[in-house]
Amino acid sequence: MITTKGLTKVYRTRDREVTALDGVDLHVREGEVHGVVGQSGAGKSTLIRAVNLLEVPTSGTVTVDGTDLTALAGNGKRAGAELRKARARIGMVFQHFNLLSARTVQDNVELPLEILGHSGAERSRKALELLDLVGLADKAKAYPAQLSGGQKQRVGIARALAGDPKVLLSDEATSALDPETTRSILQLLRDLNRDLGLTVLLITHEMDVVKAVCDSASLMKNGKITESGALSDLLATPGSEIAAELFPLTGDPLGAPDRTVVDITFLGENTGQPVISHLARTYNIDVSILGAAMDTVGGKQVGRMRIELPGPYEENVVPIGFLREQGLQIEIVGAADAVKDTQLVAGVAQ
Amino acid sequence: MNWSEIRPELLTGLYETVAMVGWASLIAVIGGVPLGVLLVLTDRGRPLQNALINKVIGFVVNVGRSLPFIILMLALTAFTRALTGTSIGLTGAIVPLAISAIPFFARLVETAVREVDGGLVEAVQAMGGSTRTVVFKALLPQALPSLVAGLTTTVVALIGYSAMAGAVGGGGLGDVAIRYGYQRYEGGVMLATVVLLVVLVNVVQLIGDFFVRTLSDRTTRSAAWLRAPRRTRTTVTAVASVGLVGALTAGTLGLTSEGDAGSDETITVAATPTPHGDIVKFVADNLAKDAGLKVEVKEFTDYVKPNEALANGDVDANFFQHVPFLDDFNKKKHTDLVPTVGILVEPIGIYSKSVDDVSALGSGDTIALPNDTTNEGRALHLLDDQGLIKLKKGTGLDASLNDIADDGGLTLKPLEAAQTPRALEDVDAAIVNGNYAIGAGLTPKKDALVLEKAKGNPYINILAVKKEDRDDPAIKKLGQLLNSDATKKFMEKKFPSSIPVFGPVK
Numbered sequence: 161m162i163t164t165k166g167l168t169k170v171y172r173t174r175d176r177e178v179t180a181l182d183g184v185d186l187h188v189r190e191g192e193v194h195g196v197v198g199q200s201g202a203g204k205s206t207l208i209r210a211v212n213l214l215e216v217p218t219s220g221t222v223t224v225d226g227t228d229l230t231a232l233a234g235n236g237k238r239a240g241a242e243l244r245k246a247r248a249r250i251g252m253v254f255q256h257f258n259l260l261s262a263r264t265v266q267d268n269v270e271l272p273l274e275i276l277g278h279s280g281a282e283r284s285r286k287a288l289e290l291l292d293l294v295g296l297a298d299k300a301k302a303y304p305a306q307l308s309g310g311q312k313q314r315v316g317i318a319r320a321l322a323g324d325p326k327v328l329l330s331d332e333a334t335s336a337l338d339p340e341t342t343r344s345i346l347q348l349l350r351d352l353n354r355d356l357g358l359t360v361l362l363i364t365h366e367m368d369v370v371k372a373v374c375d376s377a378s379l380m381k382n383g384k385i386t387e388s389g390a391l392s393d394l395l396a397t398p399g400s401e402i403a404a405e406l407f408p409l410t411g412d413p414l415g416a417p418d419r420t421v422v423d424i425t426f427l428g429e430n431t432g433q434p435v436i437s438h439l440a441r442t443y444n445i446d447v448s449i450l451g452a453a454m455d456t457v458g459g460k461q462v463g464r465m466r467i468e469l470p471g472p473y474e475e476n477v478v479p480i481g482f483l484r485e486q487g488l489q490i491e492i493v494g495a496a497d498a499v500k501d502t503q504l505v506a507g508v509a510q
Numbered sequence: 007m008n009w010s011e012i013r014p015e016l017l018t019g020l021y022e023t024v025a026m027v028g029w030a031s032l033i034a035v036i037g038g039v040p041l042g043v044l045l046v047l048t049d050r051g052r053p054l055q056n057a058l059i060n061k062v063i064g065f066v067v068n069v070g071r072s073l074p075f076i077i078l079m080l081a082l083t084a085f086t087r088a089l090t091g092t093s094i095g096l097t098g099a100i101v102p103l104a105i106s107a108i109p110f111f112a113r114l115v116e117t118a119v120r121e122v123d124g125g126l127v128e129a130v131q132a133m134g135g136s137t138r139t140v141v142f143k144a145l146l147p148q149a150l151p152s153l154v155a156g157l158t159t160t161v162v163a164l165i166g167y168s169a170m171a172g173a174v175g176g177g178g179l180g181d182v183a184i185r186y187g188y189q190r191y192e193g194g195v196m197l198a199t200v201v202l203l204v205v206l207v208n209v210v211q212l213i214g215d216f217f218v219r220t221l222s223d224r225t226t227r228s229a230a231w232l233r234a235p236r237r238t239r240t241t242v243t244a245v246a247s248v249g250l251v252g253a254l255t256a257g258t259l260g261l262t263s264e265g266d267a268g269s270d271e272t273i274t275v276a277a278t279p280t281p282h283g284d285i286v287k288f289v290a291d292n293l294a295k296d297a298g299l300k301v302e303v304k305e306f307t308d309y310v311k312p313n314e315a316l317a318n319g320d321v322d323a324n325f326f327q328h329v330p331f332l333d334d335f336n337k338k339k340h341t342d343l344v345p346t347v348g349i350l351v352e353p354i355g356i357y358s359k360s361v362d363d364v365s366a367l368g369s370g371d372t373i374a375l376p377n378d379t380t381n382e383g384r385a386l387h388l389l390d391d392q393g394l395i396k397l398k399k400g401t402g403l404d405a406s407l408n409d410i411a412d413d414g415g416l417t418l419k420p421l422e423a424a425q426t427p428r429a430l431e432d433v434d435a436a437i438v439n440g441n442y443a444i445g446a447g448l449t450p451k452k453d454a455l456v457l458e459k460a461k462g463n464p465y466i467n468i469l470a471v472k473k474e475d476r477d478d479p480a481i482k483k484l485g486q487l488l489n490s491d492a493t494k495k496f497m498e499k500k501f502p503s504s505i506p507v508f509g510p511v512k
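Protein chains in written order, with the numbering used here: chain U, 161 to 510; chain G, 7 to 512.
FYI, nobody ran anything at the bench for these hints, they're computed from the structure.
Treat the hints with care, since some could be wrong.
Have a look at the derived ranges for each label pair, beta carbon to beta carbon [to be verified]:
{"no.": "1", "chain 1": "G", "residue 1": "Arg237", "chain 2": "U", "residue 2": "Gly277", "range": "34 to 40 Å"}
{"no.": "2", "chain 1": "U", "residue 1": "Asp292", "chain 2": "G", "residue 2": "Ala246", "range": "35 to 41 Å"}
{"no.": "3", "chain 1": "G", "residue 1": "Gly252", "chain 2": "U", "residue 2": "Arg176", "range": "55 to 61 Å"}
Quick reminder that beta carbons are idealized off the backbone N, C-alpha and C, glycines included.
Please take these sequences and the hints and turn them into a complete structure.
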């Protein structure tokens, strides 16, 4: 639904260049909720604005619903009629809502319809319908200043839906809201995704948002996407930073030299299995649990656990093999560190 | 002056102020909004980014903002004429007022529009809006409270500027204050105009504040205005609208009445208020009708404008200057204005509050004198005649401080002519024009230490016309009326300092 290829954005100021996007290839499938995470300054904001060409990329292409938007954009700052028409089919919600304070709630929702040239009666009907959809039918005549943050964002979402978009872009839509309100807004996005088949691209710096609504996610660092995929795949990928962030495990990973630390990820039906006690009984070893968590990610049960086995890795090859046979995702924490250390030494030697 | 004389002047002044300010504000909005919006849109990172256009507009606006209004008004004479057909009167004042208000308001619009959250622009663009949509649906409606506040500031500033409109005969309350309160020493008129101006400015500010509050209530949580019953809101809005529309209508009427003044049989005479304006008025009101003339007086508080207005045909004659002044003007401006008849001499004199005789003045004393070219020359020659200073040999009528060979130890302080009698408390002596001496309550023949001689005096105030009108029968007739016995009697009674010196000039 949304594809970017080699997307690059370079800001030139008088004395220096800043590369905000550095060859971003992003792919969002139809009907999924995709989250782009990363720290501030990573380029998330530039990326989402490049999708509807609010930021004209320096190079690369953006295709939304089969239309190459970069081809529609002129080379100036002004957007041509074709691009404006395409934008009208892409909804966008903002961190600070960006509602017009001089207009009523209903008039705010009607604004995109005015731009599309709908008649007054048609606008009014559609706006009220959308306000009903987001649960604000009774606030149509109120002004934004009379609403709470969550209500304002609902108006923002209703407005974004006015052009019957297939794609909704969400720019930190919940970052200005309290946890409770965040949950209800995310729930609304999830419902819209399910009920309207809306494809959602959201950017956020909060992992909880990804955990709550996303089917897939990408991690951005320094203008690049460093990993990307469906959440279940990412959780099953060794060394995935998104997985680690989604499931931060506590417990000191650097055990004593004669011990082996193992991270286990349970997915789907595995979560119900008594794997650990099985392991202990079968191999007659003492398993210490350093940390563990259970959660729902993208609507699926996921568990992560960090355990410690006595003896070095070589002595534990068989029990670890047993865990792998159970269909679990296994990661040897100490071993990975050992490998990193070797690389570091090699790097210095060069 | 009693109240029944003051009232029509005040009403006319109020009328003219509202007309000038109303029209100038309207034009300021029409011109200032697009300029202000463009200043924002062409700035860096904005939809119409264009450094060149931005800099050019910014520069033009700054030039407009930096010129003192009085200079702008006088500099725009040719432009105003080309645009409206006249450079004087109400219309002549509206053009420069509007020209000065456009850049003023444009900067306020720029600030107001710049303050609109950039996110809103982004939101409108994201929903497919064009730059035009951004401006009309987001920027201007969101900036509206600030725009109205800016307009209020502009209108108040224009009321201040309009006080200077007297220089081009534009009238208005400020001009009434200058012509009657300041130059004719009518304290009552001064007070009344000041009170009216204070009331006017406060009313404008109240109306402006009301609209700003109304508009911005929507954007605040309290929204008291919205909670008021619909009927109250309707009533308040209606009253305010009627007030505004009424003010503009009054302004329009003011303009229309202006248009009526210039019918063909009428001779329009430009004059400075006292005594010239009053003398022409006396002729117009008492003598003209029987002689089959219609005479209109246009009072100016400036010494350049009446000649300019005469040269370019805005008026038919003027009466405010003496021959040396006219010669100087003709030479500098390459005009062909000629004197017709002499009417009076107003002898300049030396006055003092501290000494009783000229001989008591000397080294270490300070003497105030008028600062305009001819009056300064005149004053210096008077001092020279009295032996108080010595001018360089061969110095003409346009003597200046640089032509003094020996100042006799005196400190000479040039002041605006009308200020010299007011300075009497601060200096040892002052050289004061006859009209201003009378105005200040002095009796020249009694109070002056010494007066200019009337005989052989070159400073005869004359009726001047364009060269080709010299033999116009109506002008001749007006000359005769000004040189009549009735006029002489009026002058001797009303302006005892003046000395009628009738007869054709040269």
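TODO: Hint by hint, work out which the structure violates, then give me just those numbers in ascending order.
DONE: The structure conflicts with no hint, since it agrees with every one listed earlier.
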